[in-house]
Amino acid sequence: MIKIDKLSRYFGEIKAVDEISFCIQDKEIVGFLGPNGAGKTTTLRMIVGYLQPSSGNIEIDGESIFTDPLKASRQIGYLPEQNPLYDEMTVVELLAYFAALRKLKRDYFRERLNFVVKNCGLKDVLYQRIGTLSKGYRQRTGLAQAILHDPRILILDEPTSGLDPNQIIEIRELIRELGKEKMVLLSSHIMQEVQALCDRVVIINKGKIIVDDNIENLPNYLKRSTMLILEVQGENVDFSDFLKEYPFVELDILSRNETTCKVCVYETSGRLISSSITNNESDKNSIDETSEFDLRQELSRFIRDRGWLILEFSTSKMSLESIFHELTIENYYEPEIEEKLSAEQEVMEEEQIKPAETEDNREEQ
Amino acid sequence: MKTVFTIAKKEYELALHSISTYIVYILFLVIIGIIFSNMVFKIARAELRFLFEVIHIVFLFYIPAITMGSIAKERQTGTLELLSTLPIKLSSIVWGKILSAVFQIITIIILSLVFFGIIVIFGEGIDYGAIICGYIGLILAGLAYASIGVFASSFPSNQILAFVLALLISTVFYLLKFLLPLLPFGLVPIVQYFSFDYHLSSFLKGVIDTRDILFFLAVTVIFALLAQFNLQSKNLMQEK
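Residue numbers (numbering that gives the first Met the number 0), protein chains in the order written: chain G, 0 to 364; chain X, 0 to 239.
Bear in mind the hints are in silico, worked out from the structure with no lab data behind them. Computed from a predicted model, the values in this text were never measured in an experiment. Cβ atoms here follow ideal geometry from the backbone N, Cα and C, with glycine treated the same way. Among the clues, some could well be false.
To be verified - Distance condition first, Cα-Cα at most 20 Å in a straight line; then the derived SDA-like pairs of lysine to any residue:
1. 72(X) <-> 18(X)
2. 72(X) <-> 106(G)
3. 102(G) <-> 90(X)
4. 88(X) <-> 96(G)
5. 72(X) <-> 131(G)
6. 70(G) <-> 8(X)
7. 179(G) <-> 167(G)
8. 88(X) <-> 99(G)
9. 72(X) <-> 89(G)
10. 70(G) <-> 18(X)
11. 1(X) <-> 106(G)
12. 88(X) <-> 73(G)
13. 1(X) <-> 108(G)
14. 72(X) <-> 129(G)
15. 104(G) <-> 8(X)
Claimed, not checked - Label pairs and their calculated CB-CB ranges:
16. 110(X) <-> 133(G): 38 to 48 Å
17. 167(X) <-> 113(G): 21 to 31 Å
18. 78(X) <-> 191(G): 41 to 51 Å
19. 10(G) <-> 22(X): 18 to 28 Å
20. 127(G) <-> 1(X): 20 to 30 Å
21. 127(G) <-> 8(X): 16 to 26 Å
22. 69(G) <-> 193(X): 31 to 41 Å
23. 78(X) <-> 102(G): 15 to 25 Å
To be verified - To list a few chain X residues with every Cβ distance to chain G over 10 Å, as calculated:
24. 6
25. 9
26. 193
Bound conformation, chain X alone (with noise of 0.2 Å):
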């Protein structure tokens, strides 16, 4: 568990050194800000809801992102090599990948937290409920998108064909929605199961259903555990 830490910390410090973190924040703000100036006026009711799923579609795009390198970028410098002959398991890469992209996007949620500032300030009524299971809802949706991405990037490829699949593979499991009315009657309640919206729309109303965090969770391990599975049939030892 420290291992993982380790890794994530060294990730997430090395992310705050780079100048091209800096940039995202400001253009996920910039963008973000144009989006709630325009619509907050419009709907005129002091919630986040559409922000929220906003932020969801940045997701899709911000998350591979910033975990297209996380293995794919190792295996390119040959730092992997070194990584994986410490004495550290495999398991503890792949988790320490993920964790420091959660930190990432935690930290983008806080400066997200400008907007809900505005709200606390300027509006009445506030639903404080919704909007923190929103927050909820939002860092484990991006937990779940972040374990795709990282997966994605730990096969043995560029890190721009990494961030493709996992652009690939969160947009499926997002636009699962739009697929719902084309369905038969009998197929809709299984793919809406799979869908990322159903499961984070219901954080958005201020619900915490155990069913959704599971799914989320679910989805984390099993894309975490895809990606230490590559890790390993890439001829590394089995038993770690």
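With the rest of the complex left out, here is chain G (with noise of 0.2 Å):
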């Protein structure tokens, strides 16, 4: 078990971790979301022994790893973000070079040479420089060089960018298989990644963790998680008097013309972006079992007392994508830039009342 304890981390002034906590117990896959900067590869980076956290511990197995970390990164295998190799080696060169380095004996090493080189598919390019690989190749050697020594741990920075749809489904297959009897750590920004590998999510916004949880659970953080979408045609389809009735409910205009409307129609109670609705289409036939309320019973009985024609109705759930997306721009950004404003006006309201004082200090600076 790894057991992450108040983890901080500053970049002179810029807090790009803070204070964060979470656990990854043993064979789980967890998945590491956030949007760009939000501070996951310096976490993972602290996590590999890279970078010295600014306070907080980290355990493996409740031992802290500096106490020994030596002994920690023998047991970690990790896929760097860029996935940094020597471009003048060979694979089979740099795979035999990084076991030199791990001290694995020789006969190990072929066990698991010809263990990495089937799972990662590395075969034809064995004897080709890395520097002469295609991403995706590229990407497996990385992948190969991490499990090479057979770690507990995984720490994986977006493995599967840059890999072909088909590559893909392969590394995921792997990770999934790897996770069978290891711990996985891997951060991403695809939110289907994270939704087909992962046990269990852990989401990070500007250095603070704001989710932690199982995949299944993370509709629950948001009110209401359903929305409908329709498509109805009539004349002068309008849609003012059931939002009269029930003023809970908002109502978006997606597409209209003469005869026909489409709208998304939700609860207000749970904030939700149109924009992911026509992403979402395979979940088309999901059913919110849980509302009492029931939207779709009013809303069809409405156009059915106005006589219009229903071209489309569907429930639409929210993905991870969009739940992410409402977690991280919406709930976040908002009291973070009033923090901002009204600190800028204290200070211009300080800088007035004494203005000489500012102006030393801008000298001394």
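Fit chain to chain and form the complex, with the hints in mind.
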């Protein structure tokens, strides 16, 4: 088990990672999600020992990695973000080099080499120089390097970036297979990947963890996760009466022409982003059973009473993507901006009071 | 220790795979050859002392050139991240890089044995002791320069700056001897002690003095530790 305890990291004044704590259990694949610059890579780098945390602790099986860093790094396989490799070496040379640096026994290395070559599909490029490899093969070589010594812990920073769909499926299959006996922490900004692979997801934004839960529980973080997409045909289609009747319902018009109108309807308790609707055609039949007030019934009654025709009527559950979007954009940025604005106002006020002093300070700086 | 050799071996093999290495070797032999053929007839003595001094000057440029990428390039391509997350000590990385540079220096010195051969074949009354001591001195000085080069390369900057910095530090150590006549009398022995040329010259005379060996080894260790410190202070784990 890896336990990350109040881990922080500053880069000068900037707080890249802010007191995050989470655990990775044995045989668990944890997805580490966040927008760019959220602190994902910084956190992973601290876990693998490339970066020294400003404060906090990381424990592997109850033992801090800082008491014996070499022992910790023996247990970890790491695939860095840009997958840096020695371009001048051939694949087999690289693997042999890393095996030598990790002090693997010769026979054991042969055995592991066979394993990684078979599982990462490197047979054809084994004697090819890494600089000449396609991005897919390069990524596989990086992964092969990470699992060469059969580590208990795998830290993968965006493992499937730059791969074609078939390769992505293969690599995911491999990660899933590895996750049966190892702890895997993979960072990604591809939602489907996390959805397809991980048991648990940790969402981080601006250096703080905002969600740490099982994948299935994620929709619960939003008060309402269902919306209706509706296309109706009729004269003077107008939903304003319906909205008057149910003030907690909101409606976005997606497209409209003379006779038809496509709208997205949802309850305001869950703020939803209409852009995610069109992306999410696959979940058309999903129905939110827990809803007490059934928006569908009320809507279809309303439409029937007016004699319009229904061309499309579908329920759409929020994808992980839109949950992510909502959690990281909607809920977090706003207070941040407000804080900044108020801070700026304060500064301005102070400057007005003591203009002479601030000028002195500037000179000193 | 094994790790140091693994890293040094890989670096050395990669250097031998590179065409630029051979271009430098040929250039080196041509330059040394021209100077050798000019000098050997002028002084008409079977000795290599002047040649060693020329090789020393060549080292001022050659060693920063082979060490400039040692850590800077790894940092640039990101492989340093990979390397420093392996279960190896940071000091092994630094010493591996220094050792690989020493391998290359030894290779170039072996190439220069051509001129030694010419002296042996055509010369008379050769002082073998002085020549062997000279080679030992050159390798030790090369070791110290390699350590300076790796240190310069350990800064988070590009390879060109690493080259310039290494050249600068090496040249200061080299040029100290020209500074001596300008200095007040009391300072001369102190400054002289830091001059590479001063320590190398006793080797070239055929004298192996422990103090000279210790001087070069001390410079090597100090710059290796500084390089290691540079790697550590760039946010890596302190204990490694």
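Against the structure, the hints:
no., hint, in the structure
1, 72(X) <-> 18(X), "holds, 18 Å"
2, 72(X) <-> 106(G), "violated, 32 Å"
3, 102(G) <-> 90(X), "holds, 17 Å"
4, 88(X) <-> 96(G), "holds, 16 Å"
5, 72(X) <-> 131(G), "holds, 19 Å"
6, 70(G) <-> 8(X), "violated, 25 Å"
7, 179(G) <-> 167(G), "holds, 19 Å"
8, 88(X) <-> 99(G), "holds, 14 Å"
9, 72(X) <-> 89(G), "holds, 18 Å"
10, 70(G) <-> 18(X), "violated, 39 Å"
11, 1(X) <-> 106(G), "holds, 18 Å"
12, 88(X) <-> 73(G), "holds, 12 Å"
13, 1(X) <-> 108(G), "holds, 17 Å"
14, 72(X) <-> 129(G), "holds, 16 Å"
15, 104(G) <-> 8(X), "holds, 18 Å"
16, 110(X) <-> 133(G): 38 to 48 Å, "holds, 39 Å"
17, 167(X) <-> 113(G): 21 to 31 Å, "violated, 50 Å"
18, 78(X) <-> 191(G): 41 to 51 Å, "violated, 30 Å"
19, 10(G) <-> 22(X): 18 to 28 Å, "violated, 41 Å"
20, 127(G) <-> 1(X): 20 to 30 Å, "holds, 28 Å"
21, 127(G) <-> 8(X): 16 to 26 Å, "holds, 21 Å"
22, 69(G) <-> 193(X): 31 to 41 Å, "holds, 37 Å"
23, 78(X) <-> 102(G): 15 to 25 Å, "holds, 19 Å"
24, 6, "violated, 7 Å"
25, 9, "violated, 5 Å"
26, 193, "holds, 34 Å"
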